[in-house]
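Got chain A sorted already, so can you dock chain B onto it with the hints?
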Amino acid sequence: MSIDHRKFSRRSVLAGTAAGAVLLGAPAIVRAQAKALKIAVLLPQSGYLAQAGQSCHRGALVSPAVLSNFGFNVELIHIDMESNPDVARTQTERAINEGAQCIVGAFDSAGTLAIAQVCEQRQVPLIVNIGAAPQLTEQGYKFLVRNFPTGGMLVKNGLTQIQHLIDATKIAPKTAVFLHANDNFGLAQRKGMDAIFPTAGLPFKLVESIAYDPKAQDLSVEVTKIRGLNPDLVLVVTRAADAIKLIRDIVRQKFQPMGIISPGAPGLYDEEFYKALGPLADYHIDAIPWANPKSKVTQALEAEFKKQQPKFRFANECFNVGFTFDALLVAADAFKRAGTATGPELMKALMATDLADHAMIGPPIKFDAKGQNVNIPSSCVQNRGQTPTVVLPADVATMTPVLPMPPWQGRT
Amino acid sequence: MTAITLNVIVQGVLTGLVYGLMALGLSVIFGVMRVVNFAHGELTVVAMYAAFLLFEMLHLEPLIALLPIAAAFFGIGYLLQRTLISPFIGRAEHEQFILLVGLATVIVNGVLLIFGPDARPINLPYSFDSYAIGPLFIDKVRVLAAVAALAVAAALFLFFRYTRTGTAIRACADNLTGAAVVGLNVKQLYAVTFGLGLACVGAAGSLMATIADASPGLSQAYTLLAFTIVIIGGLGSMMGALVGGILIGVSEALAGFYIQPSMKSMFSFALLIIVLVLRPQGLMGRRL
Numbered sequence: 001m002s003i004d005h006r007k008f009s010r011r012s013v014l015a016g017t018a019a020g021a022v023l024l025g026a027p028a029i030v031r032a033q034a035k036a037l038k039i040a041v042l043l044p045q046s047g048y049l050a051q052a053g054q055s056c057h058r059g060a061l062v063s064p065a066v067l068s069n070f071g072f073n074v075e076l077i078h079i080d081m082e083s084n085p086d087v088a089r090t091q092t093e094r095a096i097n098e099g100a101q102c103i104v105g106a107f108d109s110a111g112t113l114a115i116a117q118v119c120e121q122r123q124v125p126l127i128v129n130i131g132a133a134p135q136l137t138e139q140g141y142k143f144l145v146r147n148f149p150t151g152g153m154l155v156k157n158g159l160t161q162i163q164h165l166i167d168a169t170k171i172a173p174k175t176a177v178f179l180h181a182n183d184n185f186g187l188a189q190r191k192g193m194d195a196i197f198p199t200a201g202l203p204f205k206l207v208e209s210i211a212y213d214p215k216a217q218d219l220s221v222e223v224t225k226i227r228g229l230n231p232d233l234v235l236v237v238t239r240a241a242d243a244i245k246l247i248r249d250i251v252r253q254k255f256q257p258m259g260i261i262s263p264g265a266p267g268l269y270d271e272e273f274y275k276a277l278g279p280l281a282d283y284h285i286d287a288i289p290w291a292n293p294k295s296k297v298t299q300a301l302e303a304e305f306k307k308q309q310p311k312f313r314f315a316n317e318c319f320n321v322g323f324t325f326d327a328l329l330v331a332a333d334a335f336k337r338a339g340t341a342t343g344p345e346l347m348k349a350l351m352a353t354d355l356a357d358h359a360m361i362g363p364p365i366k367f368d369a370k371g372q373n374v375n376i377p378s379s380c381v382q383n384r385g386q387t388p389t390v391v392l393p394a395d396v397a398t399m400t401p402v403l404p405m406p407p408w409q410g411r412t
Numbered sequence: 413m414t415a416i417t418l419n420v421i422v423q424g425v426l427t428g429l430v431y432g433l434m435a436l437g438l439s440v441i442f443g444v445m446r447v448v449n450f451a452h453g454e455l456t457v458v459a460m461y462a463a464f465l466l467f468e469m470l471h472l473e474p475l476i477a478l479l480p481i482a483a484a485f486f487g488i489g490y491l492l493q494r495t496l497i498s499p500f501i502g503r504a505e506h507e508q509f510i511l512l513v514g515l516a517t518v519i520v521n522g523v524l525l526i527f528g529p530d531a532r533p534i535n536l537p538y539s540f541d542s543y544a545i546g547p548l549f550i551d552k553v554r555v556l557a558a559v560a561a562l563a564v565a566a567a568l569f570l571f572f573r574y575t576r577t578g579t580a581i582r583a584c585a586d587n588l589t590g591a592a593v594v595g596l597n598v599k600q601l602y603a604v605t606f607g608l609g610l611a612c613v614g615a616a617g618s619l620m621a622t623i624a625d626a627s628p629g630l631s632q633a634y635t636l637l638a639f640t641i642v643i644i645g646g647l648g649s650m651m652g653a654l655v656g657g658i659l660i661g662v663s664e665a666l667a668g669f670y671i672q673p674s675m676k677s678m679f680s681f682a683l684l685i686i687v688l689v690l691r692p693q694g695l696m697g698r699r700l
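Chains as they are written, first to last, in this note's numbering: chain A, 1 to 412; chain B, 413 to 700.
It is worth saying that the hints were derived from the structure and are not from the lab.
The structure displayed is predicted, hence computed values, not measured ones.
Among the hints, erroneous ones may be present.
Taking lysine-lysine and the DSS-like style, the derived pairs with C-alpha atoms no more than 25 angstroms apart in a straight line are [said to hold, decoys possible]:
#, chain 1, residue 1, chain 2, residue 2
1, A, Lys294, A, Lys311
2, A, Lys215, A, Lys170
3, A, Lys215, A, Lys254
4, A, Lys254, B, Lys599
5, A, Lys275, B, Lys552
6, A, Lys348, A, Lys38
7, A, Lys294, A, Lys215
8, A, Lys174, A, Lys215
9, B, Lys552, A, Lys215
Next comes chain B alone, as it looks inside the complex:
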């Protein structure tokens, strides 16, 4: 393997980890509530703008701004679920689809109205720095974003594994009727789950803002990317979202390098089709 190929793979893994964190929010929400958040990419872009604003106004670096943004997004998610999403739980899927697509349209146009179409960059002092390891050049921002993504994902795993609320949410996901019978407040847990899903989106958006410039045009691409990742990794599987993100990151990078960069997306979708044909539940998803 040449050094330059290794460089491409490392960049793909690092980008894929941030992609994975973004998709994690989608996977958590679907895994528990069976609601597909079609406004996922739009909310990620809102988080990117939030990171941009905090940097411009308070000089808060996105790696630090990640915490208040994730907290704010938890609150937004909680309220959204209680007010807007909750009445649609259990209703026909197309009704949920229309609701969330409508929400996505409102968000993206609101962002366009407020910020305009120009991309908004966050120029960190180390934006242009890279680590030189032998013949490899690895972007500093990408390394920091990937480490932060891993930390956020680990925190989420620990929450679901070791806290009472996390265990209760898992119970809702496994057996909704059983959870209700034993007296769990399902509505409250759903709101917390949606909040956690959006907290992931908030954190991922903050990290994304260090890699890509915030722009309303990214919304649809991010929604599609998150869907591709969670379908490959397995809808509802948290580990699957991270694995799917890395797979997409690396396959796009290698396809771009060895074939043609403009065909990168084609390989993501080819991977998606292969997974759907050979393992419809996704690489780490449970058989439906």
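Just chain A, with the same shape it has in the complex:
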């Protein structure tokens, strides 16, 4: 192969250089025209909520690729709010100053409330991925929407699922004890339980509600107290670390209830829980919103999660990942419809959301006048073979529920 040097003139070299520059610059020009929505995702990646916060973070990491496949374009800024509402507040200010057009977060209600105040002042929409405190949508914020049930909704939907569970398994519990963490989330659940349980029509009596310190070294005293009351069911609102302590002490004290059920709280389906307890982690039930295995969005999300996060199981993380993804999807969808990232316009589009295809089980995502999605149903998820498995409602279930749970003895 030879090169004809005679063809290289000064003009042709200049023209070639110019053409090359245009070609090299093209992606940048294309990027500028793409108009991605810049979203700051604030999560507790460190601090006492880090375990769940990092799970949500993994959801945020895999979301852009999935959203892109569905025709949405987002640019994410990942921020650690350190499980600290004050940090959440200052980091939100900083994110907005640096150009964030929308905020998603923040798993923790206290942190989310701090973010909401800043978003309201700066007129930047906040989409709550996870956060159950009722006041988030009861304080009249104009720049907030929440695609997550309130504590009351979680309890109500959870209790409804427990009734379905009793019907499906034909057990006859007479008494239950409600054990909950003494934190924002736990107290919201307690309030919901106190208000809703008396009218829920369940066939058992709630003999006592016990609040525990989530920072306690162990739950032996709490379990001794429960053992003294000898209830048929133990209803729990825990985080993963507390759930481990609880089951460990229940087994040590040889207490055998019919079932341990969470009426809408995390803890019983975390990888940490399975690793710590092995076969003793099985048969506990969470009545909680869950990812819809039959949704094409969930399937795409799961495929991308497996690709990007091979060290983690989507089955364990789909609650955090699914709700975080759906929050980002809601933002991207509103941006697409609004055609602008201006706060008030984007907020208007958010309030008009009607999104049928999403990750979590439930009807299309819509928000009421307060910015709350009031149609987020729960499902029953039972640990089977150390994997959270949907056992109710029947149309999305992959196994049938088992109650009373098998005895502890013989499982280890």
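Chain B only, in chain A's frame:
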């Protein structure tokens, strides 16, 4: 007294003994060097992770791993004192405070970076076993941990009482100038004392790992717990640390059972305030 109340008290005593061993390290260091180790809880958590690693990698049970961990922590303590703490001896208390709080921050973030936020459990074959004595159920791990804590505390008492080094350390604690005048190598003895304090932390961390799962989030709670115990028992009093630990263990257990578990800590602090008001030097401390 009902059987269930007795069960609660026994569990409280057993947990309190391990708490006491953890606080013992803090008390020894303060009693001799007058340095308050604000990284105490963080170092306890590091010991818990060490026990976790030895169990995962070498299948060494924490009750056995306690010995190498305590030895390693003695070495770490010795070096820490010689390199980092020693220049701050005799300097203003706030300078010591900043140094040790800085050390605590580095440790806890290092642990978070290496192990992540998840709790790391040690699943022993007998983790879920308990002794049934009549109507009482007593956790096997708690009994073993309490017995080991008592053994370590006894070994420390014997060391201070019957060895030349122990006697020399006590001399430094009683009269620093006098100890220096008679030719004791105070710097060396301080380093040994800090090493012994951390050896207690290492042993306590190993035992704690059988009761609670290792997690970076425990650090501050442990520091606060150790402080509460040694203030109640008497800063610098070894017996006081064990008595304080048992008192905290039992009062928390009873308050949790009879009032509300979420209010357990409130009773620890109420006990602390009562002791500070009625006997500021602590139950077994000497009047300052």
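(message) Can you confirm whether the C-alpha distance between lysine 254/A and lysine 599/B stays at or below 25 angstroms?
(response) Since the Cα atoms of lysine 254/A and lysine 599/B sit roughly 53 angstroms apart, the hinted pair is violated (cutoff 25 angstroms).
(message) Between the alpha carbons of lysine 215/A and lysine 254/A, is the straight-line distance 25 angstroms or under?
(response) Given that 25 angstroms is the threshold and the Cα spacing comes to 24 angstroms, the pair holds.
(request) Could you grab the alpha-carbon distance between lysine 215/A and lysine 170/A and see if it respects the 25 angstroms cut-off? (result) violated (37 angstroms)
(message) Hint check: lysine 174/A vs lysine 215/A, CA-CA at most 25 angstroms. Holds or violated?
(response) violated (31 angstroms)
(message) Just to be careful, I want the Cα atoms of lysine 294/A and lysine 215/A compared with a cutoff of 25 angstroms; is the pair within it?
(response) Status violated; Cα separation ~38 angstroms.
(message) Next pair to validate is lysine 294/A with lysine 311/A; report whether the Cα-Cα distance is within 25 angstroms.
(response) holds (24 angstroms)
(message) Hint check: lysine 275/A vs lysine 552/B, CA-CA at most 25 angstroms. Holds or violated?
(response) holds (21 angstroms)
(message) Tell me if the straight-line CA distance from lysine 348/A to lysine 38/A falls inside 25 angstroms.
(response) Satisfied, since the Cα-Cα distance of roughly 17 angstroms is no more than 25 angstroms.
(request) Mind checking the alpha carbons of lysine 552/B and lysine 215/A for me, to see if they're no more than 25 angstroms apart? (result) Holds, at about 23 angstroms.
Going down the numbered hints, you'll see the structure goes against 2, 4, 7 and 8, while the others check out.
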